[in-house]
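Participant: This is what each chain is made of:
Number of protein chains: 2
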Amino acid sequence: MTDTEERLLARVALTWLTEPGTWSVHRLVDQLGPVAALDLLLDGGAPDATLRSAVAARSAAGAARQVAEQALRRTERLGARMVTPEDEEWPAQVADLRALRLSATGRRVDLETAPPLCFWVRGASPLGEALARSVAVVGARAATPYGTHVATELGYGLADRDWTVVSGGAFGIDSAAHRGALTAGGLTVAVLACGLDRPYPMGNAALFDRIAEAGLLVSEWMPGAEPLRPRFLIRNRVIAAATAGTVLVEAAARSGATQTLNRAIGVGRPGMVVPGPVTSAMSVGAHEALREHPRARLVTGTAHVLEEVGRIGYDLAPPARAPEQPRDRLDDEAVQVLEALPRRKAIGVEQIAARAGVDLRTAMRKLSMLEELAMVVRRDDGYALAPPPERAAAGDRAPTGGSPSPLVTPPC
Amino acid sequence: MTDTEERLLARVALTWLTEPGTWSVHRLVDQLGPVAALDLLLDGGAPDATLRSAVAARSAAGAARQVAEQALRRTERLGARMVTPEDEEWPAQVADLRALRLSATGRRVDLETAPPLCFWVRGASPLGEALARSVAVVGARAATPYGTHVATELGYGLADRDWTVVSGGAFGIDSAAHRGALTAGGLTVAVLACGLDRPYPMGNAALFDRIAEAGLLVSEWMPGAEPLRPRFLIRNRVIAAATAGTVLVEAAARSGATQTLNRAIGVGRPGMVVPGPVTSAMSVGAHEALREHPRARLVTGTAHVLEEVGRIGYDLAPPARAPEQPRDRLDDEAVQVLEALPRRKAIGVEQIAARAGVDLRTAMRKLSMLEELAMVVRRDDGYALAPPPERAAAGDRAPTGGSPSPLVTPPC
Numbered sequence: 001m002t003d004t005e006e007r008l009l010a011r012v013a014l015t016w017l018t019e020p021g022t023w024s025v026h027r028l029v030d031q032l033g034p035v036a037a038l039d040l041l042l043d044g045g046a047p048d049a050t051l052r053s054a055v056a057a058r059s060a061a062g063a064a065r066q067v068a069e070q071a072l073r074r075t076e077r078l079g080a081r082m083v084t085p086e087d088e089e090w091p092a093q094v095a096d097l098r099a100l101r102l103s104a105t106g107r108r109v110d111l112e113t114a115p116p117l118c119f120w121v122r123g124a125s126p127l128g129e130a131l132a133r134s135v136a137v138v139g140a141r142a143a144t145p146y147g148t149h150v151a152t153e154l155g156y157g158l159a160d161r162d163w164t165v166v167s168g169g170a171f172g173i174d175s176a177a178h179r180g181a182l183t184a185g186g187l188t189v190a191v192l193a194c195g196l197d198r199p200y201p202m203g204n205a206a207l208f209d210r211i212a213e214a215g216l217l218v219s220e221w222m223p224g225a226e227p228l229r230p231r232f233l234i235r236n237r238v239i240a241a242a243t244a245g246t247v248l249v250e251a252a253a254r255s256g257a258t259q260t261l262n263r264a265i266g267v268g269r270p271g272m273v274v275p276g277p278v279t280s281a282m283s284v285g286a287h288e289a290l291r292e293h294p295r296a297r298l299v300t301g302t303a304h305v306l307e308e309v310g311r312i313g314y315d316l317a318p319p320a321r322a323p324e325q326p327r328d329r330l331d332d333e334a335v336q337v338l339e340a341l342p343r344r345k346a347i348g349v350e351q352i353a354a355r356a357g358v359d360l361r362t363a364m365r366k367l368s369m370l371e372e373l374a375m376v377v378r379r380d381d382g383y384a385l386a387p388p389p390e391r392a393a394a395g396d397r398a399p400t401g402g403s404p405s406p407l408v409t410p411p412c
Numbered sequence: 001m002t003d004t005e006e007r008l009l010a011r012v013a014l015t016w017l018t019e020p021g022t023w024s025v026h027r028l029v030d031q032l033g034p035v036a037a038l039d040l041l042l043d044g045g046a047p048d049a050t051l052r053s054a055v056a057a058r059s060a061a062g063a064a065r066q067v068a069e070q071a072l073r074r075t076e077r078l079g080a081r082m083v084t085p086e087d088e089e090w091p092a093q094v095a096d097l098r099a100l101r102l103s104a105t106g107r108r109v110d111l112e113t114a115p116p117l118c119f120w121v122r123g124a125s126p127l128g129e130a131l132a133r134s135v136a137v138v139g140a141r142a143a144t145p146y147g148t149h150v151a152t153e154l155g156y157g158l159a160d161r162d163w164t165v166v167s168g169g170a171f172g173i174d175s176a177a178h179r180g181a182l183t184a185g186g187l188t189v190a191v192l193a194c195g196l197d198r199p200y201p202m203g204n205a206a207l208f209d210r211i212a213e214a215g216l217l218v219s220e221w222m223p224g225a226e227p228l229r230p231r232f233l234i235r236n237r238v239i240a241a242a243t244a245g246t247v248l249v250e251a252a253a254r255s256g257a258t259q260t261l262n263r264a265i266g267v268g269r270p271g272m273v274v275p276g277p278v279t280s281a282m283s284v285g286a287h288e289a290l291r292e293h294p295r296a297r298l299v300t301g302t303a304h305v306l307e308e309v310g311r312i313g314y315d316l317a318p319p320a321r322a323p324e325q326p327r328d329r330l331d332d333e334a335v336q337v338l339e340a341l342p343r344r345k346a347i348g349v350e351q352i353a354a355r356a357g358v359d360l361r362t363a364m365r366k367l368s369m370l371e372e373l374a375m376v377v378r379r380d381d382g383y384a385l386a387p388p389p390e391r392a393a394a395g396d397r398a399p400t401g402g403s404p405s406p407l408v409t410p411p412c
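Protein sequences appear in the order of chains A and B. Residue numbers for the first sequence follow the UniProt record's numbering, beginning at 1 and rising by one. Residue numbers for the second sequence follow the UniProt record's numbering, beginning at 1 and rising by one.
Chain A extracted, bound-state conformation (with noise of 0.2 Å):
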């Protein structure tokens, strides 16, 4: 056995034995490395009674390295993948959650919110570049046919501009975010709660498998892993780490729904809230946030998305992926008629208006100056993106050979 899969191996009986997000076990990690912080724990050695009664509880179950070889060997069987901060497609954004051991009120956390230890894996995508231009959509099971509507808008409407559309895989909200971006031929990614052989709720089973198959699964849980009610939380705080923004798209009064967008403005990203009908009950969660926290923001589609996550976006995703762009010369109307192109074919001006939510005289100005900047090129059916070549040389900052964004850590 090699180190590195000693340290995977290490890796994945420490996420047996505790669970995702324990920030004791997160911290010897850190200090020791995987394989010595699992001895360590295996010798009784935790650094809490809590943690150390869980390490025993566990081991009298098993051999944790046993039961780790186990699952990797069951992890190659479903065609799944393992994904450590080894790995070059580890998402290094996640280590913000070290931000969230105090919440966005300033109280503390007792939730497990430390970074995830490992992924599983399923899909073709690396998972960094799929989460690296991404943005969450969330909100209630129990959604309205209003609340549906709009988050598989908002699922198309971003995978469309080409950004990865993040959910938990539940039935309502999540369900109807994935769809919207499977629809629009995108990338979506379900990070579950269970392991990935356990697809909760059932019902989903056959998105899940369009999701494997378009986009990623991810989770936390080793195969074989159970839905329980706590890990949904844990969960969460991927959700919100992983992507540049995370939305609300309907919550019931005081509803959990609401949690992943406390932890987004807790690591710093933008929490933002679809407004509803106030005769609607499954818009009282939404509009308590929207009241209660200052930092959280009125969006009531994906143009006022984009205009929340587009710098973060860009910074988060990797040069090679998104030049540089001379945006900051450009009035607002110009950046919504850029942002309202899509990123690979023609549009119509009429179309271009309507996205960008501008008049048709608006569009065809701003078209015309994004085209002198080289930024837009005209073509017979309409107008698309200038080639990456020249828009890099339109650019302020050269994209290539620059260093890597200060969020894009380097994986050690």
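Calculated directly from the structure, the hints in this document are not laboratory data. Misleading hints may appear alongside valid ones.
[Said to hold, decoys possible] Pulled from the structure, derived: some chain A residues nowhere near chain B, Cβ distances all over 12 Å: (1) R27; (2) Q31; (3) L40; (4) S59; (5) E129; (6) L154; (7) P201; (8) S255; (9) G268; (10) S283; (11) L298; (12) M364.
[Said to hold, decoys possible] Interface residues of chain A toward chain B, partial, derived using beta-carbon atoms under 10 Å: (13) A49; (14) T279; (15) H287; (16) E288.
All of these numbers come straight from a predicted model, not from anything done at the bench. All residues carry an ideal CB built from backbone N, CA and C; glycine is no exception.
Got chain A sorted already, so can you dock chain B onto it with the hints?
Facilitator: Quick look at chain B alone, frame taken from chain A:
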């Protein structure tokens, strides 16, 4: 003719010579009094050319004092009356319009926004008293069934808690708010942008008659004045300044309906906005206002509105009508329960819980506490507010003989 009659006549003549809200006229009246100000203007001594030519144009159409005399006779025939700053019933808070020379965003406001010179009033209640504890509910004429429903509920809920509902008498949201207040048997005030004998819109003539019977019709324009377009914007400043806060229910994109909201914020009143479905064109302006005004506050119903205007309302209200409560010692839920009680009758615990938006057990717990504090009394048919004398005795600050609130300047 007495001095008082002369001053009144001068104010009416000034209103006819120049549009209400003109700063240079307001300043002249402030410095010289209405009679000398009128003489100066009629002698061609207006301080600026625009005003000079406006006065000249009007004077060519008739002698100002004669027109004013006719207007006063017509006022009497209408069963209406004049209210000026010299009268007891003048709503002193409209003087806060002086703050409006700069807009909420710091830009110069070019529209006429000076405080009014006088009001025409139809209805029995004293104007100042009716407005002392009032909230404006305004919005789109082309309201949706959703907006109409919400405005009616707000009008009803506010009136039911003894707040006067102020609006502009237009179709849509305005009418719904007035009707809700009338249904609750409460006071409602329609501030018109034309003469009181020319109800606009005509389709609301019956509604205006009901308002004049149960509440007040108010205008800054003399009988016969037409509802010219700019007058609606001039009128809006009165709605904003005369009330303790303005609630916007539905507004189309970039709509004039948000102007009253901006004015309210500009004079330091709470600006409140009811959200709606993001799929509704009639909520686009409401959502814009919530996104663009850092001080606009999202509200979903009467309870939220009372939270915002509650304290200001008590400050504006004459002490005799609103004895101070030891509310500062109560927690939020107790305040909600207390505010859920109607002013004059007892209601059941279940109804109280529903109105307060708390569960039954909480309602019962808070009611016992309020009973111990002698703020509510238990009766056979439920709970009621304790009668005023006892409530005043329980208060921290005795209301009797207190000096008027700083917001209420003595009539001059």
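Participant: Against each hint, give a clear statement of whether it holds in the structure.
Facilitator: Results for each hint:
1. The beta carbon of R27(A) sits about 38 Å from the closest Cβ of chain B, which is more than 12 Å, so the claim that it is off the interface holds.
2. The Cβ of Q31(A) sits about 44 Å from the closest Cβ of chain B, beyond the 12 Å cut-off, so the non-interface label holds.
3. For L40(A), the requirement that its beta carbon stay farther than 12 Å from each beta carbon of chain B is met, with the minimum near 47 Å.
4. No Cβ of chain B comes within 12 Å of the Cβ of S59(A); the nearest lies about 44 Å off, and the non-interface call holds.
5. Distance check for E129(A) against chain B: the nearest CB is about 31 Å away, which clears 12 Å, and the non-interface claim stands.
6. For L154(A), the shortest C-beta to C-beta distance to chain B comes to about 10 Å, within the 12 Å cut-off, and the non-interface label is violated.
7. Distance to chain B confirms P201(A) as a non-interface residue, since its nearest Cβ pair spans about 27 Å, more than 12 Å.
8. For S255(A), the non-interface assignment is confirmed: its Cβ lies about 15 Å from the closest Cβ of chain B, beyond the 12 Å cut-off.
9. With 12 Å as the threshold on Cβ separation, the claim that G268(A) sits away from chain B holds: the shortest Cβ distance comes to roughly 20 Å.
10. Interface exclusion of S283(A) from chain B breaks down, the closest Cβ pair being 8 Å apart, not more than 12 Å.
11. Against the 12 Å criterion, L298(A) falls within the reach of chain B, whose nearest CB is about 5 Å from its own CB.
12. Non-interface call for M364(A) relative to chain B: holds, since the shortest CB-CB distance, roughly 20 Å, exceeds 12 Å.
13. Annotation: interface hint on A49(A) violated; nearest CB of chain B at approximately 36 Å, more than 10 Å.
14. A cut of 10 Å between beta carbons decides the hint on T279(A): the least distance to chain B is about 7 Å, and the hint holds.
15. Against a cut-off of 10 Å between C-beta atoms, the interface hint on H287(A) holds, since the closest Cβ of chain B lies about 5 Å away.
16. Proximity of E288(A) to chain B holds as hinted, the smallest CB-CB distance being about 9 Å (cut-off 10 Å).
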